[in-house]
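Participant: What follows is each chain in one-letter form.
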Amino acid sequence: MLTKRIIPCLDVDAGRVVKGTSFVDIRDAGDPAELAYLYDREGGDELVFLDITASSDSRDTMVDVVRRVSDQVFIPLTVGGGIRSVEDVRRMLNAGADKVSLNTAAVNGPSLVSDGADQFGNQCIVVAIDAKRVTGPTGTQEPLPQDLPLDGDSRWEVYTHGGRTRTGLDAVKWAVRAVELGAGEILLTSMDADGHLAGYDLDLTRAISQAVPVPVIASGGAGTLEHLFEAFTDGQADAVLAASIFHYGTYSIGEAKDYLAGRGIPVRPRQAASQS
Amino acid sequence: MSDQAKVVVIDYQSGNIRSVTRALESVGVSPLITGDPSELPGADAVVFPGVGSGPAAMSALESRGLVAPLREYVESGRPFLGICLGLQLLLDRTEEGDANCLGIIPGSVRRLPEGLKVPHMGWNSVTVQAEHALLDGIPQNSHFYFVHSYYASPSESSWVAGSTEYGVPFCSVYAHSNLVATQFHPEKSGPVGLVIYRNFLSMIEKSRTKTLGSVA
Chain B
3 MLTKRIIPCL
13 DVDAGRVVKG
23 TSFVDIRDAG
33 DPAELAYLYD
43 REGGDELVFL
53 DITASSDSRD
63 TMVDVVRRVS
73 DQVFIPLTVG
83 GGIRSVEDVR
93 RMLNAGADKV
103 SLNTAAVNGP
113 SLVSDGADQF
123 GNQCIVVAID
133 AKRVTGPTGT
143 QEPLPQDLPL
153 DGDSRWEVYT
163 HGGRTRTGLD
173 AVKWAVRAVE
183 LGAGEILLTS
193 MDADGHLAGY
203 DLDLTRAISQ
213 AVPVPVIASG
223 GAGTLEHLFE
233 AFTDGQADAV
243 LAASIFHYGT
253 YSIGEAKDYL
263 AGRGIPVRPR
273 QAASQS
Chain Z
169 MSDQAKVVVI
179 DYQSGNIRSV
189 TRALESVGVS
199 PLITGDPSEL
209 PGADAVVFPG
219 VGSGPAAMSA
229 LESRGLVAPL
239 REYVESGRPF
249 LGICLGLQLL
259 LDRTEEGDAN
269 CLGIIPGSVR
279 RLPEGLKVPH
289 MGWNSVTVQA
299 EHALLDGIPQ
309 NSHFYFVHSY
319 YASPSESSWV
329 AGSTEYGVPF
339 CSVYAHSNLV
349 ATQFHPEKSG
359 PVGLVIYRNF
369 LSMIEKSRTK
379 TLGSVA
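Those protein sequences? They're chains B and Z, same order as listed. Counting with our numbering, you get residues 3 to 278 for the letters of the first sequence. Counting with our numbering, you get residues 169 to 384 for the letters of the second sequence.
Hint data in this document are derived by calculation from the structure and do not stem from the laboratory. No residue lacks a Cβ here, since even glycine has one placed at the ideal position from N, Cα and C. Accuracy of the hints is not assured; some may be wrong.
[Unchecked claim] Taking beta-carbon pairs under 7 Å as the criterion, some of the chain Z residues facing chain B (in silico):
no., residue
1, R186
2, R190
3, W291
4, N292
5, T295
6, V296
7, G335
8, V336
9, P337
10, F338
11, G358
With the sequences and hints as input, model every part of the structure.
Facilitator: Structure, rendered in structure tokens:
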């Protein structure tokens, strides 16, 4: 049976992991390769590295990070943050990434999604969507020219540039469009829930998961193991991305998997470490 | 063994060759990465990876003149490992773009059923159906990493050494003598995936010993 995935996310700034971590037996808490190795051993099903460096010259640093991590870790790697062109995609894949996550660049130039999928296959194109609940009146924002404006039924709006820029796009419609363009997976972050540790936005996760035929990774808001369970059941997510819950040592990935397995969610058991 | 086995990884610009190379290196193989067909006749083993579109991959193989050399290599009976699309391309035809494949394994490549999330992406279990050196030491129902939208359906089921369920049961490991192939990515499947590479290396060593023996 296909198992539900638990994906630790590591924020990288200028080549260093910047969030705190729970690992006690660690020499260098900022080294991406060492952290990747530990998360792999703990039972992480994939790894996501997000480059949060604002400058554009961080690309070379990130390529080097991906190369060093993929030398040591034999599970899938996704890289996101600042990938703007097909050439950027190619460099990350050649460095050892299995997938790239496109966010702002995909909204601003959707052809990046289709060109990337055409050249490298849709399995390696993840479209990341930062969505925020629509609270006030819609239609005040000039929508981007994707013909997916917010309307009276819209419940979530797409934001870009790390959540700083409103786009006027309906998040559910954009997810559907992204898959039509060639996205093989959607990485969905609720901006309302992110950082609050009060649970995923289950309505958002379910709405997107039902709207698209590709896997959806839920992100933003996990604070307890119950939250992970809800994302898979109520939220119908195929995978969960989590940062704080693992970084700050609240729970280990192993504990999360034991808990989920105990509640009937299929997860990959930790492998015997006989080979390392 | 005094001299290194010549292990060729076929590079036809389809997918993450680097991960396959690193996995081979981690079990002690220094592969030659090449798309040059003239390297195949002298190879002790061939690894045939691949992701993405089947028809595009077939065009890439044709334009590099690799189709006939790949068929001849497999006919020689030396070890051959196909991975993901590298399994699918061995069959006769694929529903993906209704295209011809290499025609090495009788059967076809079919689309995963409607109503499921596609690609089939993530860790799924493999039920071992038949003993084979490639699967030595692999526990029953081990989890491997899959990413694909189509699956191989060989017409001869006796060589289906491992099967996996996603809407339908499908062939996740094909193993017939030295011709072996997996639908999953062993280089992305953690420790149990590296066992596959180690087992393939054992197959290579056995095959070379046999060849050297017959010469002597």
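Participant: So, for every hint listed, does it hold in this structure?
Facilitator: So, going through the hints one by one against the coordinates:
With its C-beta approaching chain B no nearer than about 5 Å, Z:R186 sits inside the 7 Å limit, and its interface hint holds. Taking 7 Å as the C-beta cut-off, the interface hint given for Z:R190 holds, the closest approach to chain B being about 6 Å. At its closest, the beta carbon of Z:W291 sits 4 Å from a beta carbon of chain B; the interface hint therefore holds under the 7 Å criterion. The interface hint given for Z:N292 holds, since its Cβ lies 5 Å from the closest Cβ of chain B, which is under the 7 Å cut-off.
With 7 Å as the threshold, the beta carbon of Z:T295 stays out of range of chain B, its nearest partner Cβ sitting at about 11 Å, so the hint is violated. A least Cβ separation of about 16 Å between Z:V296 and chain B goes past the 7 Å threshold, and the interface hint is therefore violated. At its closest, the beta carbon of Z:G335 sits 10 Å from a beta carbon of chain B; the interface hint therefore is violated under the 7 Å criterion. Because the closest C-beta pair between Z:V336 and chain B is about 13 Å apart, greater than 7 Å, the hint is violated.
Checking Z:P337 against chain B: minimum C-beta separation of about 12 Å lies over 7 Å; hint violated. The interface hint given for Z:F338 is violated, since its Cβ lies 12 Å from the closest Cβ of chain B, which is over the 7 Å cut-off. Among the interface hints, the one on Z:G358 holds; its C-beta lies about 5 Å from the nearest C-beta in chain B, closer than the 7 Å criterion.
Taken one by one, the earlier hints fail for this structure at numbers 5, 6, 7, 8, 9, 10, listed in ascending order.
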